[in-house]
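Visitor: Let's have the full structure, built from the sequences with the hints guiding it.
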Amino acid sequence: ETGVTQSPTHLIKTRGQQVTLRCSSQSGHNTVSWYQQALGQGPQFIFQYYREEENGRGNFPPRFSGLQFPNYSSELNVNALELDDSALYLCASSLFTSTDTQYFGPGTRLTVL
Amino acid sequence: QQQVKQSPQSLIVQKGGISIINCAYENTAFDYFPWYQQFPGKGPALLIAIRPDVSEKKEGRFTISFNKSAKQFSLHIMDSQPGDSATYFCAASWTSGYSTLTFGKGTMLLVSP
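The listed protein sequences correspond, in order, to chains A and B. Per our numbering, residue 1 is the first one in the first sequence, and the count goes up by one each step. Per our numbering, residue 1 is the first one in the second sequence, and the count goes up by one each step.
Accuracy of the hints is not assured; some may be wrong.
[What the hints assert, rightly or not] The calculated lysine to any residue pairs, modelled on SDA-like cross-linking and capped at a C-alpha distance of 25 Å, are: (1) K42(B) - F64(A); (2) K71(B) - T101(A); (3) K42(B) - V19(A); (4) K105(B) - A87(A); (5) K105(B) - A38(A); (6) K42(B) - A38(A); (7) K42(B) - T101(A); (8) K71(B) - L67(A); (9) K68(B) - K105(B); (10) K5(B) - S86(A).
Please keep in mind that the hints were generated in silico from the structure rather than gathered at the bench.
Guide: Right under this line is the structure:
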């Protein structure tokens, strides 16, 4: 059984640029959730994908968007980057029928200059 | 609006001592309460979780105590070890429709040798 993997590990962008982060879900999991974790804070829910459809969204602007692919892997896209977007972005996978337990990847550290 | 409040922000415990972290929630629709452990540079890892139909759950040295009427739950780490030094997050979610975790702000635990 493989765990949740994310790429890249670290990323540096400048304000106004666009970024794409990637996540491979744990084997057998069909649901992917994305979270933003600012320094010294708990993760904040961005959105969730189930069977390639957005299944729920937190309080994040539309410039945060995502995709889920038929193999259940997922992408998080952020347009028009702002300095406050600097954070650790976490992907978590779960079985929709068991929506409680979410397994997190190691995250992508995004720095916006 | 912070739906899950966690305290203390940081905690120093001697090796062999008991570490206690507390959380309070506001939304009575929450029906699943996990605790996550996060080491520097890693994603959160599920430690132990409880549902509101039980008042206590124990797994090894880790115990969750749950008080539904007070809307509070706590994590007790018995015989704390230096390897337990990490940031601990409580979280809450509901398991109908789509499930998203609402996290507390975290407690940085340091177990001194």
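Visitor: Does each hint hold? Answer for all of them.
Guide: Do the hints match the structure? See the list:
no.: 1; hint: K42(B) - F64(A); in the structure: 23 Å, holds
no.: 2; hint: K71(B) - T101(A); in the structure: 21 Å, holds
no.: 3; hint: K42(B) - V19(A); in the structure: 21 Å, holds
no.: 4; hint: K105(B) - A87(A); in the structure: 15 Å, holds
no.: 5; hint: K105(B) - A38(A); in the structure: 10 Å, holds
no.: 6; hint: K42(B) - A38(A); in the structure: 14 Å, holds
no.: 7; hint: K42(B) - T101(A); in the structure: 18 Å, holds
no.: 8; hint: K71(B) - L67(A); in the structure: 36 Å, violated
no.: 9; hint: K68(B) - K105(B); in the structure: 21 Å, holds
no.: 10; hint: K5(B) - S86(A); in the structure: 24 Å, holds
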